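Taken in order, these protein sequences are the chains called A and B. Under our numbering, the first residue of the first sequence carries the number 7, and numbering increases by one thereafter. Under our numbering, the first residue of the second sequence carries the number 34, and numbering increases by one thereafter.
Treat each hint with caution, since some may be false.
[To be verified] Quick list of the computed label-pair ranges, beta carbon to beta carbon:
1) K122(A) - R131(B): 45 to 53 Å
2) I125(B) - R98(A): 20 to 28 Å
3) V111(B) - I175(A): 23 to 31 Å
4) L110(A) - R131(B): 30 to 38 Å
5) G100(B) - N35(A): 38 to 46 Å
6) A106(A) - L143(B): 47 to 55 Å
7) T49(B) - M99(A): 22 to 30 Å
8) T49(B) - P101(A): 33 to 41 Å
9) I170(A) - L143(B): 20 to 28 Å
[To be verified] One-sided and incomplete, this derived list gives chain B residues near chain A with beta-carbon spacing under 10 Å:
10) A87
11) L90
12) S96
13) R97
14) G104
15) L144
[To be verified] To be clear about the criterion: a stretch of chain A counts as covered by chain B if any three or more of its residues have a C-beta under 8 Å from a C-beta of chain B, and this derived list gives those stretches:
16) 48 to 62
17) 81 to 87
18) 104 to 115
If you're looking for bench data, these hints aren't it; they were derived computationally from the structure. The structure displayed is predicted, hence computed values, not measured ones. Think of the CB as a built atom: it goes at the ideal place given N, C-alpha and C, for glycine as much as any other residue.
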Amino acid sequence: MTPVATPFFFYLLSGLAIAGGLLVITRRNAIHSALALIVTLLAIAGLYLMLYAPFVAGVQIIVYAGGIMVLFLFVIMLVSLERTAKERQFNRMWPVGLLAGCSLLALFMSVYAKGKGLFVERGPQLPESENTQQIGIMLYGEAGRMGQYTFAFEIASLLLLVAILGAVIMAKKRI
Amino acid sequence: MLSAKCQVLRLMVPVTTIHYLVVAAALFVLGVIGVLTRRNVVIVLMSIELILNAVNLNLVAFSRMWGGLHGQVFSIFVVVDAAAEAAVGLGILIAFFRNNETINVDEIDLLKW
Numbered sequence: 007m008t009p010v011a012t013p014f015f016f017y018l019l020s021g022l023a024i025a026g027g028l029l030v031i032t033r034r035n036a037i038h039s040a041l042a043l044i045v046t047l048l049a050i051a052g053l054y055l056m057l058y059a060p061f062v063a064g065v066q067i068i069v070y071a072g073g074i075m076v077l078f079l080f081v082i083m084l085v086s087l088e089r090t091a092k093e094r095q096f097n098r099m100w101p102v103g104l105l106a107g108c109s110l111l112a113l114f115m116s117v118y119a120k121g122k123g124l125f126v127e128r129g130p131q132l133p134e135s136e137n138t139q140q141i142g143i144m145l146y147g148e149a150g151r152m153g154q155y156t157f158a159f160e161i162a163s164l165l166l167l168v169a170i171l172g173a174v175i176m177a178k179k180r181i
Numbered sequence: 034m035l036s037a038k039c040q041v042l043r044l045m046v047p048v049t050t051i052h053y054l055v056v057a058a059a060l061f062v063l064g065v066i067g068v069l070t071r072r073n074v075v076i077v078l079m080s081i082e083l084i085l086n087a088v089n090l091n092l093v094a095f096s097r098m099w100g101g102l103h104g105q106v107f108s109i110f111v112v113v114d115a116a117a118e119a120a121v122g123l124g125i126l127i128a129f130f131r132n133n134e135t136i137n138v139d140e141i142d143l144l145k146w
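From just these sequences and the hints, can you work out the full model?
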């Protein structure tokens, strides 16, 4: 299958995503971190589009960039202090954390370099136009029958209900 | 010199699964470093979101590699989990901030022995 987008877009989007991630963990102001995280999320949505996953890209933009990030921004406004922006941003053990992260990256890279031949595309590719429909069939089922993931979908709705109750009870002034 | 350049270009031009895996690994490591080093709880939670996004990217890339949709469906479930985690985590953060007037990880040590 000939790709729709050129490799240039891949490098642009992945560069944006990684630059955004770097800004998230280095900025002093939490609002700036949140905005950088939004850039990262949108770039990852573009990468999903390049991977022929338009439904996941839409979910990423609507739920992540539109929902979760607004929640984060509200909480930053509720809890932000002048004091926290002025004091030290990294804890005392930050060289250890940096070392652990870099060694984790080296581990990943060595695994990928050794197993490069394993990651080749195989299997027939589904047409992109049916992507959303097929995901819907897997989640909800078709013609009265349960889909493969219908039960997991119901459990996920239960999880969300519990999370809503937990968040409301946690944020209430007096229980 | 020229041949080395050509080799690099040949490695770069067709974007395969491994390229996405490398990007996801970089994002994952950035998230891990953020969780381990930052003192602001809100930014620690954002780093967790970065980690979950890296996992999602891996899932979708593998789903593309195998030609199925299971990875994409699973990544939607991961998004559901991320939303639940963010809501509960931020609720706990607000409750804690109301009592202790701090959002530094170093100062949240009530359960530390």
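Please write out, lowest number first, the hints stated earlier that are contradicted by the structure.
6, 7, 15
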